[in-house]
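Chain A is fixed; fit chain B onto it per the hints.
Protein chains: 2
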Amino acid sequence: MGIEIERKFLVVSDRWQQLAQPVFMRQAYISSTPGRVVRVRIEGQSAMLTLKGKSSGISRGEWEYPIPLIDAEELLSTLCEQPIIEKNRYRIDLDGLVWEVDEFVGENAGLVVAELELQSESQAFIKPDWVGEEISHDHRYANANLFKHPYSRW
Amino acid sequence: MGIEIERKFLVVSDRWQQLAQPVFMRQAYISSTPGRVVRVRIEGQSAMLTLKGKSSGISRGEWEYPIPLIDAEELLSTLCEQPIIEKNRYRIDLDGLVWEVDEFVGENAGLVVAELELQSESQAFIKPDWVGEEISHDHRYANANLFKHPYSRW
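Quick mapping for you: the protein sequence lines, in order, are chains A and B.
Every letter in the first sequence is one number past the one before it in numbering that gives the first Met the number 0, and letter 123, counting from 1, is 122.
Every letter in the second sequence is one number past the one before it in numbering that gives the first Met the number 0, and letter 17, counting from 1, is 16.
One chain only, chain A, in its complex shape (with noise of 0.2 angstroms):
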């Protein structure tokens, strides 16, 4: 087990896209239960599968395990609960930290979030000018949700 210690903020202009290129991604969820994720991810021609336990604060218990792309297309066509989630990632080196900025599309367009993961809960960061509100705790933005009610129905 890992522990994924993260910090979400909302974004507040366009100056991160020109720090780093896209990766898209395709994801979605056998069980969004919270404490229970259980999520199928496609980046690129890679895919994983990754279990998320109980939030505490910033943190939870992660597992991640690489699966074959064809498992992956097929878990998310028949097994996952719809719709999948689509969005283009952009990783932003700073500072010694990625800040991972995701640009969701479809029904969640128009929302962008900046993540970043950190190494304790209490670990310092710079937070550069395009990073706005934190939303580590507003739990609307967990993409385990989001699919089910997205930000085009707020």
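Don't read these hints as lab results, they were simulated from the structure.
Backbone N, C-alpha and C define an ideal beta-carbon position, used for all residues, glycine too.
Errors might be hidden in some of the hints.
Said to hold, decoys possible - List of simulated lysine-lysine pairs, DSS-like, C-alpha gap at most 25 angstroms: (1) K7(B) x K147(B); (2) K147(A) x K53(B); (3) K7(A) x K53(A); (4) K53(A) x K147(B); (5) K53(B) x K7(B).
Claimed, not checked - Selected chain A positions facing chain B (Cβ under 8 angstroms, derived; list incomplete): (6) R35; (7) Y64; (8) I66.
Then chain B, alone, in the frame of chain A:
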């Protein structure tokens, strides 16, 4: 994806016990929703994460991934729905087929079922004299239901 085609039966005598040595299994579910089953199983020193799709008759899609034993122990104790199912499995080779006899313990003690995995739904087979009534379509006997509604409380 593999297709699991399986028939399940009650067992009517103890004559199967002398035909194989048991292996002890512990398993539980991250999702037990019909059509979206996510199972963690430990058998001896090996562990498996298995996804199962919607049943169509006695068939359903199945995806299996070996996972580290330590992950499986963590998943069984933290992520999985409780309680865990524990059983002794006897694999019995007969006429080129493998009968898997599951002798449940704990809250399902007293229940013994025999499963037969087939290559096609219409595949013929010889029923040994210790195999009784077919329960393939009785969902009470699904392991994903037995932990919630154990045999001792029927």
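### Query
Hint numbers the structure violates, sorted upward?
Those not satisfied: there are none.
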